[in-house]
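**Student:** Sequence:
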Amino acid sequence: MNRHEFLRSVHRVYRPRNYLEIGVNDGRSLALSRVPSVAVDPAFRVVTDISCDVHLVRATSDDFFARKDPLLHLRNGRNPFRALARKDPLNVLGADPKLELSFIDGMHLFEFALRDFMNVERYSRWSSVILLDDMLPRDVDEAARDRHTRFWTGDVYKVAQVLRRYRPDLLVVEVDTEPTGVVAVFGADPGSTVLKDRYDEIVEEYVVPDPQQVPDDVLARKKAVRPETLLGADFWPALGRARNLRRPRSAFVPLRRSIEAVTG
Numbered sequence: 009m010n011r012h013e014f015l016r017s018v019h020r021v022y023r024p025r026n027y028l029e030i031g032v033n034d035g036r037s038l039a040l041s042r043v044p045s046v047a048v049d050p051a052f053r054v055v056t057d058i059s060c061d062v063h064l065v066r067a068t069s070d071d072f073f074a075r076k077d078p079l080l081h082l083r084n085g086r087n088p089f090r091a092l093a094r095k096d097p098l099n100v101l102g103a104d105p106k107l108e109l110s111f112i113d114g115m116h117l118f119e120f121a122l123r124d125f126m127n128v129e130r131y132s133r134w135s136s137v138i139l140l141d142d143m144l145p146r147d148v149d150e151a152a153r154d155r156h157t158r159f160w161t162g163d164v165y166k167v168a169q170v171l172r173r174y175r176p177d178l179l180v181v182e183v184d185t186e187p188t189g190v191v192a193v194f195g196a197d198p199g200s201t202v203l204k205d206r207y208d209e210i211v212e213e214y215v216v217p218d219p220q221q222v223p224d225d226v227l228a229r230k231k232a233v234r235p236e237t238l239l240g241a242d243f244w245p246a247l248g249r250a251r252n253l254r255r256p257r258s259a260f261v262p263l264r265r266s267i268e269a270v271t272g
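One point on numbering: in this note's numbering, the residue at position 125 of the sequence shown is 133, and numbering is uninterrupted.
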């Protein structure tokens with residue numbers, strides 16, 4: 009299963025009510041969305057039909073998230089929260105919705121991808137799904153910071169290592185998609201400052217010259233779950249209900265066990 013087939017299937021099983029994409033390129037992944045969306049890329053060249061209410065932002069992701077209200081489109085656009093929120097004096101439904109599904113496929117350098125994750129997490133909930141593309145290079149050449157191959161992951165695979173090391177509260181799942189793998193992150197905590205507080209020391213340790221020392225388990229995809237296995241798991245409806253009902257973060261504990269039972 010390739011990354012676009014996987015992303016299409018995540019839309020189907022999770023049914024997000026909004027979508028964020030970092031790294032639009034030609035628009036093939038954005039074309040899979042049918043919900044209010046925000047898509048960010050400093051040099052997008054969309055060549056396919058888009059079938060969603062989308063705000064295309066020609067900017068770097070850093071500049072986008074530096075805006076005062078980067079998700080204004082999702083708050084004021086044609087989205088399911090707006091009309092409901094007007095009838096909801098307690099704001100239970102949320103007039104300012106958090107991101108539900110995010111796909112990070114921006115600059116293929118570790119420090120950029122890590123910042124993208126940090127920024128996306130700030131606008132997510134524990135019940136959100138965050139996907140990072142190009143996380144499983146097939147050889148050291150593909151993982152180089154200085155691109156010299158057709159397929160290029162750069163060293164963004166290190167983001168998974170950092171999340172497991174510094175954020176054990178998250179559930180990080182490697183997915184064996186073609187050609188260069190995806191990582192799914194569950195359990196986002198927008199209140200966490202661990203990565204922000206330690207960003208400089210993390211970058212100092214993990215940003216190193218080529219060639220990159222890619223772990224064997226990454227190259228061999230030893231921890232990666234088959235996409236069909238993840239997509240066919242029975243936790244998705246429960247995750248969607250928890251999201252829709254805005255259940256507290258404590259509800260992540262039993263769901264985490266359900267996801268871990270599938271992913272190992």
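Keep in mind that the hints were calculated from the coordinates and are not lab data. We put the beta carbon where it would ideally sit given N, CA and C, even for glycine. Please note that the accuracy of each hint is not assured.
The following label-pair restraints were derived from C-beta to C-beta distances [as the list claims (entries may be wrong)]: (1) Asp154 x Ala51: 15 to 23 Å; (2) Arg20 x Leu253: 36 to 44 Å; (3) Ala74 x Gly240: 36 to 44 Å.
**Student:** With reference to the structure, classify each hint as holding or not holding.
**Tutor:** Do the hints match the structure? See the list:
| no. | hint | verdict |
| --- | --- | --- |
| 1 | Asp154 x Ala51: 15 to 23 Å | holds, 19 Å |
| 2 | Arg20 x Leu253: 36 to 44 Å | violated, 21 Å |
| 3 | Ala74 x Gly240: 36 to 44 Å | holds, 39 Å |
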